[in-house]
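So the protein sequences, as listed, match chains P and D. Residue numbers are given in this note's numbering: position 103 of the first sequence equals residue 103, and the series is strictly consecutive. Residue numbers are given in this note's numbering: position 186 of the second sequence equals residue 186, and the series is strictly consecutive.
Source of the hints: derived by calculation from the structure; they are not laboratory data. Just to be clear, a hint being listed does not mean it is correct.
Unchecked claim - Here are some chain P residues pointing at chain D (derived, C-beta under 10 Å): (1) G50; (2) I104; (3) M146; (4) L150.
What the hints assert, rightly or not - Just so you have them, the derived chain D footprint on chain P, three or more residues with Cβ under 8 Å: (5) 15-26; (6) 34-43; (7) 51-60; (8) 117-131.
Claimed, not checked - Distance condition first, Cα-Cα at most 20 Å in a straight line; then the derived SDA-like pairs of lysine to any residue: (9) D/K251 x P/L5; (10) P/K45 x P/V20; (11) D/K53 x P/V85; (12) P/K45 x P/V85.
No residue lacks a Cβ here, since even glycine has one placed at the ideal position from N, Cα and C.
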Amino acid sequence: MFSPLHLVLFAVSVLLQVTVAPLFSIREVAPDFILITVIAISLQKGKIWGIIAGFVGGLLLDSFGAGMIGLSSLTKTIAAFTAGVFVGERLERSFGTIAGFLVIVLLIHDAMYFIIAAIGTAISFWSALFKYALPTTLYTLTFMVMAHLLWPRVLWGKPR
Amino acid sequence: MNRLNEWFIKRGDIVTLLIALVFSITLLFSNHGVQMQTVSVWTLEGYGFILEKISGIRHLKAVSGENEWLRQKNAELMLENSRLKEALQENQRLREMLGFKSSSQLDLIPTKVIGKGSNGFINSIILAVGETDSIQKNMAVVTAQGLVGKIFNVSEDHATAQLLFDRNFRVSAMIQRSRVNGIVKWHEGNQVILAEVPKRSDVQVGDTVITSGLSSIFPAGLEIGAVTDCRDDQQNMFMTILVRPAVDFAKLEEVFVIKRLPLPSPPS
């Protein structure tokens with residue numbers, strides 16, 4: 001089950017996403033605090049709770065936007081599942097290995113999000129991938145590593 | 001039955017994933033449904049309340065009140081100025097025409113920006129006004145500098161506005177100097193384009209782009225931005241006109257919602 005701490009973390013991450021994240025935005029690239037929390041839940045509570053958190057968190061984020069409701073919930077659901085598959089079963093490994101798998105998870109999420117969102121716009125597939133998805137992945141990863149350094153148990157560490 | 005139960009327990013993650021995926025894809029294809037609007041309104045109302053409280057901490061009330069009044073005055077004067085410039089040009093063109101009717105005064109509702117829903121190229125802001133302030137869907141949102149966007153979703157006390165930088169935003173616009181018409185839409189980064197302008201139209205770098213008033217959403221004469229580049233491409237039927245928005249979207253703190261324009265009275 002969700003612990004109160006996870007519920008608070010989840011609610012705070014949604015608030016941070018619409019208040020603080022835009023302040024860190026560089027050329028339309030902003031860190032994804034909700035995704036960090038969703039991955040943390042997936043690693044600590046298992047894939048099922050991660051998927052639920054990803055779906056709900058994505059839906060909340062989509063509700064604040066102007067259209068394409070369901071896109072964030074779709075990509076965050078998949079991110080929670082892949083985090084559970086790629087990383088959840090490899091938590092005993094080194095930080096470098098885990099970070100490498102997290103990059104794959106983030107990149108899958110961001111590539112899916114921006115490629116689908118770019119459909120029907122002047123943005124090309126490669127532009128969506130290299131100008132938006134990759135920078136967002138690296139930016140979110142930076143915040144993820146900072147979170148891990150400040151609070152090592154926030155992403156993983158507690159046994160499931 | 002037992003086998004099915006066992007499988008279900010064992011593969012619960014796959015089942016949850018499939019359910020979440022089916023829901024997400026269904027939502028993605030039914031974006032404008034009434035149910036989706038209701039979910040958005042609930043979310044907006046719930047989180048809007050908390051966002052407003054956080055926003056309140058950031059603003060000192062006394063200063064904010066005075067500031068708001070001054071900004072409103074400033075915006076009214078800027079819009080008045082913009083309309084007067086527009087009226088001067090209109091006067092020259094319409095001198096020979098009869099039956100000219102002057103444009104009505106704009107009714108502005110000031111509000112704070114309490115959150116931003118920016119996610120790549122899906123961009124919106126969350127405003128501290130709602131149905132109780134007579135806000136309705138599709139009302140224009142402006143600052144003293146020019147057009148910001150339009151109201152997309154309204155709850156009782158809050159609203160989301162779709163920004164000029166959103167992938168789905170469109171506004172009919174024209175070059176103020178030459179009256180060339182087109183459609184402004186987001187292009188890439190912090191630039192928009194004036195699309196569907198035929199080749200060899202009279203457009204120059206530095207020209208001001210304003211709303212044309214051809215739609216019922218945006219009043220005519222609102223500044224959108226300035227032309228930064230215009231090209232006649234061989235392959236395209238239309239000109240490529242890049243426009244830099246007049247509004248600095250990174251510094252949006254207060255905006256104004258323009259109350260719905262009164263419907264034109266039938267000719268007597």
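Against the structure, test the hints numbered earlier, and report the numbers of the ones violated in rising order. 2, 3, 4, 6, 9, 10, 11
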